[in-house]
Amino acid sequence: MNEMAPPKTERAAALKGLGTSRKRVEDARFTQGKGNYVDDIKMAGMLFGDFVRSPYAHARVKSIDTEKALAVPGVHAILTAADLEPLGLHWMPTLAGDKQMVLADGKVLFQGQEVAFVVADDRYAAADAVELVVVDYEELPVVVDPFKAQEEDAPVLREDIADQKEGAHGPRRHHNHIFTWEQGDKDATEAVISEADVVAEEMVYYHRTHPCPLETCGCVASMDKVNGKLTVWGTFQAPHAVRTVASLISGIAEHNIRIVSPDIGGGFGNKVGVYPGYICSIVASIVTGVPVKWVEDRMENLMATAFARDYWMKGRISATKDGRITGLWAHVTADHGAFDACADPTKFPAGFFNICTGSYDIPTAYLSVDGVYTNKAPGGVAYRCSFRVTEAAYLIERMIEILAIELDMDAAELRAKNFIKKEQFPYQSALGWEYDSGDYHTAWDKALKAVDYPGLRKQQAERLEAFKRGETRKLMGIGLTHFTEIVGAGPVKNCDILGLGMFDSCEIRIHPTGSAIARLGTISQGQGHATTFAQILATEIGIPADDITLEEGDTDTAPYGLGTYGSRSTPVAGAATAMAGRKIRAKAQMIAAYLLEVHDDDVEWDVDRFAVKGAPERFKTMKDIAFASYNQAIPGIEPGLEAVSYYDPPNMTYPFGAYICVLDIDVDSGEVDIRSFYALDDCGTRINPMIIEGQVHGGLTEALAIAMAQEITYDDLGNMKNATLMDFYLPTSWETPHYTTDHTETPSPHHPIGAKGVGESPNVGGVPCFSNAVHDAFKSFGLKQSHMPHDHWRIWKIAHDLGLHG
Amino acid sequence: MGKMHVKLTVNGKQVETLAEPRELLIHVLRENLNITGPHIGCETSHCGACTVDMGGKSVKSCTVFAAQANGADITTIEGLGTPDGLHVLQEMFKEHHGLQCGFCTPGMITRAYRLLQENPDPTEEEVRFGMAGNLCRCTGYQNIVKAIMAAAAEMNAVKEAAQ
Amino acid sequence: MIPGSFDYHRPDSVGAAVKLLVDFGDGARVIAGGHSLIPMMKLRMADLDHLIDLQGINDLKSITVSGANVTIGAMVTQHELIANEALFSMAPIVREAALQIADPQVRYVGTLGGNVANGDPGNDMPGLMQCLDASYTVVGPNGSRDIAARSFYEAAYFTERQDDEILTSISFKSKKGGYAYEKQKRKIGDYATAASAVLIEKDGGNCTAASIAMTNLSDTPVCPQEAAAALIGTALDEASISAAVTAAVNAIDPAEDNRGPVEFKKYVAGIMLRRAIERATARA
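Residue numbers (our numbering), protein chains in the order written: chain A, 1 to 806; chain B, 1 to 163; chain C, 1 to 284.
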């Protein structure tokens with residue numbers, strides 16, 4: 001009754017499913033300039049918004065005079081806090097349980113803060129009017145140092161909560177204190193450390209930086225007064241959460257709000273939060289009755305939205321004489337800027353920093369984090385990492401290197417000696433996590449072998465001798481890192497943002513002719529979801545990936561989900577996709593059995609079809625089944641072939657990797673030449689190797705930037721010093737090295753397809769690897785710790801302080 | 001300081017639009033002419049997302065006034081290929097995963113087009129140097145370089161076959 | 001980042017351009033490639049009513065080599081400087097330096113005249129032109145005059161050129177011998193942390209002529225004659241190179257910025273100069 005079926009392998013290949021380096025379906029439009037980013041959106045009568053921003057880091061706003069600005073031709077309105085107050089929108093809740101001014105309410109707390117919002121015909125008129133708004137400021141004392149901010153007589157930054165003793169995360173002990181978060185066993189850890197053979201102690205600073213996607217943040221808000229519906233297109237990494245929050249704070253019913261994320265030009269954590277520009281655009285559209293666009297410029301992006309890191313991390317690590325780690329103690333002073341606008345799950349005010357025991361079996365550990373207000377921009381977002389995981393990885397990977405120095409032991413050997421062993425998984429860490437799976441020794445050995453680690457050390461020793469003989473001014477550094485990420489937030493039992501559980505979702509509709517559309521609660525910002533999620537489905541339901549359309553980002557059509565950040569799309573929405581696919585397949589099995597006139601249990605899945613057990617020539621393909629599902633009356637089965645899955649992950653996933661960087665440092669100029677970079681990633685099951693490799697290249701390049709030169713700094717008056725791409729370091733193709741990628745594959749036992757997520761691993765592992773390489777170059781001269789970024793002058797200063805300049 | 005008539009040849013078509021002299025070429029292209037392939041990334045001529053080909057040169061259109069461009073012959077990403085006949089560079093960027101979020105891509109390809117016009121057989125180092133006016137935050141450049149090298153090889157093969 | 005309004009003019013002769021400058025006075029400025037001026041206008045740090053675009057003046061666009069004399073029109077772009085073989089044969093250091101300026105797109109548009117005229121201490125060409133001992137021709141309402149590059153720069157953004165004058169061309173004599181332009185920067189597109197231009201002529205192992213200039217290490221380029229003098233007449237041995245470096249570092253006055261503190265810049269200036277001298281010597 002059927003023609004000879006092609007062999008299994010051929011049919012599987014035709015699906016372009018899991019494990020295929022499928023070319024991206026997104027690329028046709030992007031390569032032809034037909035992407036649809038927020039600034040590409042145009043609507044009839046659309047106005048343009050622009051901000052008046054504070055030149056001061058801390059000042060009282062005594063008055064705002066908009067008269068001249070309103071007289072500029074083309075200007076329609078200028079909003080100030082006084083206009084927003086009656087609507088209750090002059091402040092907004094942050095994702096971290098704090099609140100933030102939408103427009104300056106009596107004072108400003110950081111340079112670049114939003115003071116007034118001009119609405120005009122176009123961006124030229126708006127900019128002209130911004131120049132003419134006269135704001136009378138009275139300067140106040142500025143605090144940019146989080147330690148000084150905690151001094152008794154430090155200026156009061158947040159007058160609105162100065163007397164509030166209880167914050168969103170427990171008691172506050174100072175007017176600039178936000179929270180203290182503790183994990184682990186303090187007494188036991190301090191006891192272990194005080195009795196240890198060897199203790200390494202260091203302050204490790206992970207400097208302030210910024211995700212800086214190439215597209216800045218923006219939106220178009222359109223309040224349709226005829227049907228009462230508000231639509232907002234914008235750069236949202238979490239469109240559904242934005243809808244719920246918008247509904248809660250505006251009072252507009254949730255069904256009357258539609259949030260759409262069009263194509264997004266990179267996010268990296270910058271586009272998770274809610275910014276004053278979004279609120280002001282919405283209000284302006286309500287006030288003017290026409291759509292209002294707001295797109296920030298690069299300076300605004302760097303000055304006012306979503307910084308990352310700024311963690312002062314004090315670490316103590318103890319070990320036995322032979323290098324067995326016994327304890328880890330850490331204290332973090334977290335500089336949050338003027339408002340606590342971290343994008344962390346509610347119960348984790350320092351994110352998942354308690355992954356700071358890393359890849360190591362550390363029996364006893366204690367961690368405390370103090371969050372502090374300063375006169376800097378708010379943020380604290382997860383810049384291409386899961387929440388505060390890159391900070392944690394940096395701390396432990398620095399402490400391991402420093403401990404190796406104290407022990408006079410090779411740092412590769414010290415790591416191998418303390419790795420969590422394969423048989424210990426699932427592994428319960430001292431700071432509360434259950435690592436799902438891992439095989440660190442295999443990965444580590446593979447990495448060391450791939451780079452000929454002993455050979456590199458020999459070369460390094462020879463170079464050092466040549467340096468000492470005066471034959472070269474270049475030192476060689478070998479950077480090692482073995483990182484463990486924690487991604488895929490997360491189980492609803494302990495992960496929520498503003499009370500919204502961090503599940504994710506997929507809805508699949510199979511069309512009668514056997515093609516399909518799937519919609520997810522996530523949103524791609526370059527990760528290639530339309531390509532990879534179709535691959536998951538192709539393998540699950542036997543429909544070629546090329547026949548599956550994937551849609552995300554429109555809250556009117558997509559199922560509810562918490563969005564894309566923290567490498568959560570594959571672990572959570574990817575799981576939902578597989579589970580929804582399995583529901584489809586379960587129904588398809590019943591239909592196939594009916595069509596084949598056998599019992600449900602007598603058919604079995606075979607790549608793209610159900611076949612009668614023992615009679616593979618009798619089968620129904622998914623295409624046959626799809627058609628029948630709509631067009632044939634099947635007793636006991638309702639028509640159609642659709643499924644939806646809301647997936648609440650039972651655990652996080654724990655991708656890991658082994659990275660090795662080799663570089664040469666000119667001690668006189670501080671210039672660095674990256675000779676090679678080897679990156680082995682284990683992200684569990686690999687969906688699309690081509691895309692994984694691309695993610696690794698990109699994440700490593702962001703890591704290179706952060707480790708070597710990229711920073712946000714302020715002078716004592718709170719002036720931001722890196723507000724353009726001249727000073728905010730983004731490497732070009734010229735500064736970026738060639739990377740060698742590799743992998744092992746240890747599936748996650750609890751994820752339906754075993755995938756763990758990869759997008760952020762290279763940033764988490766890359767930063768300590770580059771930094772460790774720089775430190776390693778100077779190790780034999782006694783360097784233990786020098787803060788990032790390792791730009792030319794800071795490297796020069798290391799050499800200078802070590803007496804290498806004669 | 002009213003508006004002026006700005007005449008351009010864009011992707012082979014002669015167009016005329018009204019613009020203030022201060023309006024930037026990128027805004028005129030995007031807002032007046034609906035050419036939204038070139039993007040705005042930094043506004044200080046560092047990122048190259050706004051790159052267009054103007055008079056045979058790769059130019060950052062965020063740092064050119066409409067008035068300065070008056071009379072110019074401009075090619076944007078929209079003029080390099082058609083959906084039915086992609087430019088080799090467009091094909092190779094797809095083939096070698098030379099893009100992720102896509103925001104830098106139009107500027108990147110437009111710049112690569114001029115680079116290969118001037119240097120049809122570049123080394124990897126020459127590609128990296130010649131593309132250093134275009135920033136990408138996603139790819140780490142490795143696959144962009146690969147795509148451009150592959151496009152050069154393909155274009156040269158076609159040229160040789162024709163001879 | 002939106003500039004304020006202005007009226008636009010595209011004169012087709014230097015005379016017409018000067019007349020516009022005179023007519024509109026303080027509110028007028030000329031624009032060449034615009035990659036320094038336009039960002040300043042976008043930040044509203046440069047406010048003007050009349051923009052006088054020099055692109056229509058064909059007289060400013062040529063490179064002329066006549067005997068040992070090189071004359072470069074103010075509107076010649078960095079890209080054209082790099083590509084011009086006649087210029088390369090007369091002064092190869094120009095190509096080497098121009099390749100280290102900004103990025104490909106900016107070099108297509110950025111001009112030599114703009115680079116030397118606006119007085120930005122970060123620009124590379126002023127130091128290079130001092131090293132070449134170039135002369136600038138400026139034309140104003142009272143005719144034209146020549147100003148030596150070495151006496152053109154007064155302070156950051158302040159030069160000998162009067163507001164109603166236009167810098168029209170740059171001339172210098174062919175430089176034989178060794179050359180090098182060494183520039184440390186954080187990345188492509190950045191200004192120099194420290195840069196150094198060096199020209200060296202040798203005869204039988206002895207240095208017969210030397211010229212040194214330093215970029216972005218003071219509020220003007222620095223062309224320390226004492227540093228060059230420390231090389232002339234020597235065998236370019238270690239002691240004389242050190243003396244030259246010391247003299248040059250004593251002559252600079254760098255300011256702290258995001259590239260690093262003063263101490264570092266002085267040190268690196270010495271390193272860049274040493275490298276440039278060594279490379280120029282090897283080529284001489």
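Read the hints as simulated data drawn from the structure, not as lab findings. All C-beta atoms in this analysis are idealised placements derived from N, C-alpha and C, irrespective of residue type, glycine included. Fair warning: there could be bad hints in the mix.
Claimed, not checked - One side only, chain A facing chain C, incomplete, derived with CB under 8 Å:
# : residue
1 : Ala127
2 : Pro731
3 : Lys779
(request) Mind checking the CB of lysine 779/A against every CB in chain C and telling me if the closest is under 8 Å? (result) Given a least distance of 22 Å, the restraint on lysine 779/A is violated.
(request) Could you check if proline 731/A really has its C-beta closer than 8 Å to a C-beta on chain C? (result) holds, 6 Å
(request) Please verify that hint: alanine 127/A, Cβ, nearest Cβ of chain C, below 8 Å or not. (result) holds, 3 Å
Of the hints listed earlier, the one the structure fails to meet is number 3.
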